[in-house]
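J.: So the sequence lines, in the order shown, correspond to chains D and X.
Here the first sequence is numbered in this note's numbering, starting from 1 and rising by one per residue.
Here the second sequence is numbered in this note's numbering, starting from 399 and rising by one per residue.
Don't read these hints as lab results, they were simulated from the structure.
Careful, some of the hints might be misleading.
As the list claims (entries may be wrong) - Partial pick of chain D residues on the chain X-facing surface, computed with a CB cut under 10 Å:
no., residue
1, Lys218
2, Gln222
3, Val225
4, Ser369
5, Arg396
Stated by the list, open to error - Incomplete in silico selection of chain D near chain X, CB under 10 Å:
no., residue
6, Arg131
7, Lys177
8, Asp231
9, Leu320
10, Ala359
11, Glu360
12, Met363
13, Ile386
Ideal placement from N, C-alpha and C gives every residue a C-beta, glycine not left out.
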Amino acid sequence: MKRRTKLAALLLAALLPCLGAPVFAAEETGEAVPLTGEKIYVYNWGEYIADGTDGSLDVNAEFTRRTGIEVDYSTFDTNESLYSKLVSGGASYDVIIPSDYMVSRMINEGMLEKLDFANIPNFEYIDEEYRGMSYDPTNEYSVPYTWGLVGIFYNKQYVTEEIDSWDILWNEKYAGKILMFDNPRDAFGIAQKRLGFSFNSTDEDEWIQAAVLLKEQKPLLQMYVMDQIFDKMESGEAWLAPYYAGDAAVLVESNEDIGFVIPTEQGTNFFVDAMCIPKGCRNKSGAEAYINFLCDPEIAAANMEYIGYSTPETAARELLPEEITSNPIYYPPQEVIDNAEVFVDLPQETSLQLDALWAEVKMGGPGDSLTLVLTLAGFLLLYLGIVVYKKAKRRREL
Amino acid sequence: MKSKAVSAPYLVWMAIFIIVPMLLVAYFAFTDANGAFTLENIARVGQYSNVFLRSIWLAAISTAVSLLLGYPVAYIIAHSSVKRQSALIMLIMLPMWMNFLLRTYAWMTLLEDSGFINSFLTSLGLPAFHMINTQGAVVLGMVYDYIPFMILPLYSVMSKLDPSVVEAAQDLGADGRRVFLRVTLPLSMPGVISGVTMVFVPSVSTFIISKMLGGGGNLMIGDLIDMQFLGTAYNPNLGSAISLVLMVLILICMGIMNEFDDGESQGGGMLL
Chain D
1 MKRRTKLAAL LLAALLPCLG APVFAAEETG EAVPLTGEKI YVYNWGEYIA DGTDGSLDVN
61 AEFTRRTGIE VDYSTFDTNE SLYSKLVSGG ASYDVIIPSD YMVSRMINEG MLEKLDFANI
121 PNFEYIDEEY RGMSYDPTNE YSVPYTWGLV GIFYNKQYVT EEIDSWDILW NEKYAGKILM
181 FDNPRDAFGI AQKRLGFSFN STDEDEWIQA AVLLKEQKPL LQMYVMDQIF DKMESGEAWL
241 APYYAGDAAV LVESNEDIGF VIPTEQGTNF FVDAMCIPKG CRNKSGAEAY INFLCDPEIA
301 AANMEYIGYS TPETAARELL PEEITSNPIY YPPQEVIDNA EVFVDLPQET SLQLDALWAE
361 VKMGGPGDSL TLVLTLAGFL LLYLGIVVYK KAKRRREL
Chain X
399 MKSKAVSAPY LVWMAIFIIV PMLLVAYFAF TDANGAFTLE NIARVGQYSN VFLRSIWLAA
459 ISTAVSLLLG YPVAYIIAHS SVKRQSALIM LIMLPMWMNF LLRTYAWMTL LEDSGFINSF
519 LTSLGLPAFH MINTQGAVVL GMVYDYIPFM ILPLYSVMSK LDPSVVEAAQ DLGADGRRVF
579 LRVTLPLSMP GVISGVTMVF VPSVSTFIIS KMLGGGGNLM IGDLIDMQFL GTAYNPNLGS
639 AISLVLMVLI LICMGIMNEF DDGESQGGGM LL
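Sequences and hints are given; from them, build the entire structure.
T.: Okay, structure coming up:
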């Protein structure tokens, strides 16, 4: 979802699997703990942890060095793929890091273990406002990892007017140069905020209105994208794109013409990615040690500095460089956060409606059964026609 | 008896990885989230008729283009010297050494409004074309990715074609056009059939090409199925139902292809 999984890099990584040898962080003092033979399986977003490149801290290697527990680390690219992998029972992980609405869905479906906070003393560093959020009101199942807001990236060369609302994504002046989220929750979210609705509405009519708005927008769009936004915006192929603030680290710094703005009036999405332990984990104490380790302010600061998202710990924030913490992209003023809304899991019915509407938006209109039946019948008739014709021909030849 | 024992591993493999999954797809298609029997999923497939029509149409065009481009290439390769043949076949295979996602990704950069081709055109003072995110781009991507599957079966049939048959036709006074229409083309029909099948089937169910080159607005069946399994609703039942309808469609198409194959190989048999 909110990851800069560069496709090319991904493919390269797939081609060269042996290059991922661990780089041991030499700068930390203290003896390395010998390997205990224990292992934990961590499942996280792609490009969402400091891995030792560009002089950053190799978080997983450092964890192994301090605790002697090995980390088997793998990544996913959408909340939904994480969910379908867990629900089909195909794999077991010890630590997963889904986003807010997926956390609440997993809690509702009994897919998460309750955490033993006695094993996670560093939870004390998590700021009060990030505890017990709407997706996990009693805060028994999750520990926030990062947070951020959705805003609009724009190319200052071509978009000179002041952007103060989502309306600009419907502006015909920029037809063909606008990108849009290629996932239903985020795409509908923008339409909903434009209409003044809640993301978590269960009113059928509100979702339909949002779909109408998205259909209006479709002819103006260049493309529905996720991570391709980086290429499209950097090269100037696209001028306007809504995306996650954490990725500004990459985008704004790679091309100084690119600006980022959060439409404060209409409100935006405030997202939290949180660490959880799924049911069926094999090493719960190891998993809790890992979560505790990631909450250590020093580790969190080193980690956030690399991935570019915002930390829910004041203690970690104080360790970050001034130019990051004073940047309103990463740490916006409180009133912006107050006006933003968090995604919560939708009831099954609304989810189904959302999927059907999303398909309709992308298809350009609803289809009907008759056409499909006629098409299939047409093919079948053609087939039967040929068979009959050939039989008749053979009989004639005889 | 012996030959049966040798094929046992494959039969087991097929049972576990092809038959069982197909049964599972059928099971999911006819049940709801709680496992109760329902026809609702199949009924709901109807609302996606546009997507089916678009997929069939684009796949048909890609197959036709691949055939038109691939046939002469296969013919030329089959009629060059043996040493050249292997080199040429290797050139056809060469792009397949690279991951197909990467190749599609490369096309994206080529076709963009500010991409390589358009920059080149504008630098020559020519007007730029809008190519990316159109159906044409999707067809181009499919032809590019699947054309080796057309050329290879055509080539293998043509290279085994006995030249004495062609010579006999020539001796009997047929001109070049007639030799081709009455001898070469009918005898290469099995290659055409398997080529068409091997291009049409993956084209009609492709998903990543339409996503990358079609801008996500040219939804195809594959994208739709992908959405059902990885979408917000996680609806494997509907996804299975769509897959099932797609399978029926492909089966019918393959049946039609087979009919052509039978007739022509009989004709070929008579010729020989």
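J.: Of the numbered hints stated earlier in the document, which are not met by this structure?
T.: Hints 5, 6, 9 not satisfied by this model.
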